[in-house]
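Engineer: Assemble the complex: chain A is given as a structure, and chain B must be docked to it using the hints.
This is what each chain is made of:
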Amino acid sequence: MSFLDDFMVRAALAGLGLALAAAPLGCFVVWRRMAYFGDATAHASILGVALALGFDISVFAGVLTTALVMAITVSTLAGRGYAMDTLLGVLAHSALALGLVAVSFFEGIRIDLMAYLFGDILAVGRVDLGVIWGGALAVIALLWWRWSALLTSTLSPDLAFAAGLNPRREQLVLTLALALVVAVAMKVVGVLLIAAMLIVPAATARNFSHTPERMVLAAAVTGAIAVLGGLQLSFEMDSPTGPTIVSLAACLFVLASLARSLHRAISAK
Amino acid sequence: MNLISLNNVGVEYGGNTVLSGVNFHITKGEIVTIVGPNGSGKSSLLRNIIGALRPSTGSVERAPGLRIGYVPQKLHIDPTLPLTVRRFLSLPKRVSTSRARAALERAGVGALEKQQMSDLSGGQFQRVLLARALLNDPQLLILDEATQGLDQPGSARFYQQIEAVRQDLGCAVLMVSHELHVVMAASDRVICLNGHICCEGAPEQVASAPEYRALFGSGTQGALALYRHEHNHRHDENGCNHDHATKDTAA
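Those protein sequences? They're chains A and B, same order as listed.
1 is the number of the first residue of the first sequence in this note's numbering; add one for each residue after it.
270 is the number of the first residue of the second sequence in this note's numbering; add one for each residue after it.
Just chain B, same shape as in the assembly:
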């Protein structure tokens, strides 16, 4: 069953073609990663999917009653706006304290309820955004460069959290990233985007595809291997499960 499907979608901004001829779908429980260089239309594609942008051509179909959890790329909260983490979670729909707490726990930031959003570190902030996205029990979790501004171990931990969340909830995950080494091996499917879909398939397939190499160079093969290494490493160190979240700092 497709949660979302895009049929031959094109997007234009002021005469510039940002996306053209994009066919895309995501099914229940799937992890899909979109990679592409800056300006390749990754964010435009996501904004089409969440409904913030209407395609200039083609069509977007959503499963009826689809619940989307959206973690934006970055969120600037004006310093004049006082906002506790707890209050932030109740936007736009009020949620019970127990649900808010459960979502924060699940995102790995249990103790932050009373903090001001503006006092959080980069890693804590992203996790609170993740907690908010989990509140409506999403069928599709969308992350737009969610680890921007986190250092490498910080973003690796963030993606581990996502994997754990996905195992718990069984939701589909759609990520946009340029951090290939961390993301790719966890995905069922990788889509390489540069104004149109250059290639797509399993991570290994895409990493060795000539279209992908042309965009990112061949060095990324090594990066993919690096992820593998980290992955094994994590299993070795399973005993050490202290709270990483509070140690995250904004890069």
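Isolated chain A (complex conformation):
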């Protein structure tokens, strides 16, 4: 059984860590219509890679910092009523382009750019695994702690204010969690596909959930299936692992949506 190979076990554990952290956060990204926000944050992280290499600090720290700066910039601008889709489009893609240009300056260091863009889950080491699970657990703990407040602020900022909560602080919590997940996910699925790992399992889970909590649970299960199945498939087909995981998640989404339509059609008769 291929899963017993050491690097495969590490890859599976890394992927599961991401799936668990991405589930609750992904649900908020979907509920709050922050998909593009996730993209912008993720794309900025390639700039973090360049900075990390330039200043000789850990890539994780570099990515976390730039992702955080980007996320805070975007959520600040969002509060000031800019035309958000245009602004996010500008920010996301210019950050990615700028990052790619910056990375190219480091000729002395050999960088596998593809590994940052599409992830390199099979190369996850013990230290990476610790970082990924540390980050994932931090995100889960943070969202668990603020769960009710986050959900209330998501429904309506005014309801949150009336209940004595501060929706701006909850927004900051999400921003922080997003930066953490981006930093964690980079090694697993890469910069270009992080948003997919957030959104696709959550969107799949929506098809069979009646409460927010069940949706998170279903998203975690969907994400876990996508990670494990994707690993197996990419091993057998010799395809790039990150994209295979996301492709499988997309298949699950289509299946779940079809199943729901079918169920509705039958119960309507």
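Simulated from the structure, these hints should not be mistaken for lab results.
There could be a bad hint or two in this list.
[Unchecked claim] Here are some of the chain A residues that sit facing chain B, going by a computed Cβ distance under 10 angstroms:
1) Cys27
2) Val30
3) Thr152
4) Ser153
5) Leu155
6) Ser156
7) Ala203
8) Arg206
9) Ser209
10) Arg214
[As the list claims (entries may be wrong)] Short derived list, chain A residues pointing at chain B, Cβ under 8 angstroms:
11) Arg33
12) Ser148
13) Leu151
14) Pro157
15) Leu159
16) Phe161
17) Ala163
18) His210
19) Thr211
20) Pro212
21) Met215
[Unchecked claim] Output of the computed footprint for chain A on chain B, the stretches with three or more beta carbons under 8 angstroms from beta carbons of chain A:
22) 319-333
23) 341-351
24) 360-367
Don't be surprised by glycine CBs; every beta carbon is placed ideally from N, CA and C.
Structural biologist: Chain B alone, transformed into the frame defined by chain A:
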């Protein structure tokens, strides 16, 4: 005892003065209605009171430990967010099933617990919002154009429900509305707002005040009378007390 008092409050948005020199207070058990045309600063005033907006000038004082029940103008729930009525009531604080049930009963929507929020009609939705606002046993119930999107009989029934709730709980009620004919006669005090307080007083006083007439025209005198008529009518028909709530539809 004042639950809330606003002292000389002014609000500015991006250089535009929305409110200026507003002095306002509400005491225990009082029903106060704020009326005013669109853009008169009604919602800004409410948002100051619930603490969602800080005044640019002046100050807002709340009684210590004040419990506010807030029914927002409208609440858009994203279709991607699955939410049962029962779960919605437990936000942000978890409440026991018996309390949730009691609040729904009190708001006139007893049987909706397991429904998805997105499947409710306009009238049911507003009542669920009302039920949620009643959960913390509020001293002050705030309603922001709570009957928007309901037809006239629907909003009349909604306000009757509010009166019943207020008699049960003895809470103060602060309403913002443009539906003068339904609201005014039930209020202890009416405040007519248009960037500042134009006039205030008992409903009859305000309805005949020249400042009020200048804003709303004299036709509203008739509307006030119409409410009176409906009010009497309700007492005549007290025997017919079937469940109106389930028949409400979104307008």
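Engineer: Next step is simple, just say for each hint if it's right about the structure.
Structural biologist: Here is what the structure says about each hint:
A least Cβ separation of about 8 angstroms between cysteine 27(A) and chain B falls short of the 10 angstroms threshold, and the interface hint therefore holds. The criterion of a C-beta within 10 angstroms of any C-beta in chain B is met by valine 30(A), whose closest approach is roughly 5 angstroms, and the hint holds. The criterion of a C-beta within 10 angstroms of any C-beta in chain B is met by threonine 152(A), whose closest approach is roughly 4 angstroms, and the hint holds. For serine 153(A), the interface hint holds, the least distance from its beta-carbon to any beta-carbon of chain B being 9 angstroms, beneath 10 angstroms.
With a cut of 10 angstroms, the hint placing leucine 155(A) at the interface with chain B holds, because the nearest CB-to-CB distance is about 7 angstroms. Among the interface hints, the one on serine 156(A) holds; its C-beta lies about 5 angstroms from the nearest C-beta in chain B, closer than the 10 angstroms criterion. With its C-beta approaching chain B no nearer than about 7 angstroms, alanine 203(A) sits inside the 10 angstroms limit, and its interface hint holds. A cut of 10 angstroms between beta carbons decides the hint on arginine 206(A): the least distance to chain B is about 6 angstroms, and the hint holds.
With 10 angstroms as the threshold, the beta carbon of serine 209(A) comes within range of chain B, its nearest partner Cβ sitting at about 5 angstroms, so the hint holds. At its closest, the beta carbon of arginine 214(A) sits 7 angstroms from a beta carbon of chain B; the interface hint therefore holds under the 10 angstroms criterion. At about 7 angstroms, the closest approach between the beta carbon of arginine 33(A) and any beta carbon in chain B falls short of 8 angstroms, and the interface hint on this residue holds. The beta carbon of serine 148(A) comes within 4 angstroms of a beta carbon in chain B, closer than 8 angstroms, and the hint placing it at the interface holds.
Taken as an interface hint, leucine 151(A) checks out: its beta carbon lies about 6 angstroms from the nearest beta carbon of chain B, inside 8 angstroms. Proximity of proline 157(A) to chain B holds as hinted, the smallest CB-CB distance being about 7 angstroms (cut-off 8 angstroms). Taken as an interface hint, leucine 159(A) checks out: its beta carbon lies about 6 angstroms from the nearest beta carbon of chain B, inside 8 angstroms. At its closest, the beta carbon of phenylalanine 161(A) sits 4 angstroms from a beta carbon of chain B; the interface hint therefore holds under the 8 angstroms criterion.
Here the hint on alanine 163(A) is kept, as its CB sits about 5 angstroms from the closest CB of chain B, short of 8 angstroms. Satisfaction of the interface hint for histidine 210(A) is found here, the shortest Cβ-Cβ separation to chain B being roughly 5 angstroms, below the 8 angstroms cut-off. With a least beta-carbon distance of about 5 angstroms to chain B, the hint placing threonine 211(A) at the interface is held under the 8 angstroms criterion. Hint on proline 212(A) holds. Least Cβ distance to chain B is approximately 6 angstroms, under the 8 angstroms limit.
Nearest Cβ of chain B to the Cβ of methionine 215(A): about 6 angstroms, under the 8 angstroms cut. The hint holds. A stretch counts as covered by a chain when three or more of its residues have a beta carbon under 8 angstroms from one of that chain; for the stretch 319-333 of chain B and chain A the count is 3, and the coverage holds. For the stretch 341-351 of chain B, the stated coverage by chain A is satisfied: 7 residues place a CB nearer than 8 angstroms to a CB of that chain, which reaches the threshold of 3. Note: the stretch 360-367 of chain B has 4 residues with beta-carbon separation from chain A under 8 angstroms; the three-residue rule is met and the coverage holds.
Hint compliance for this structure: every hint is met.
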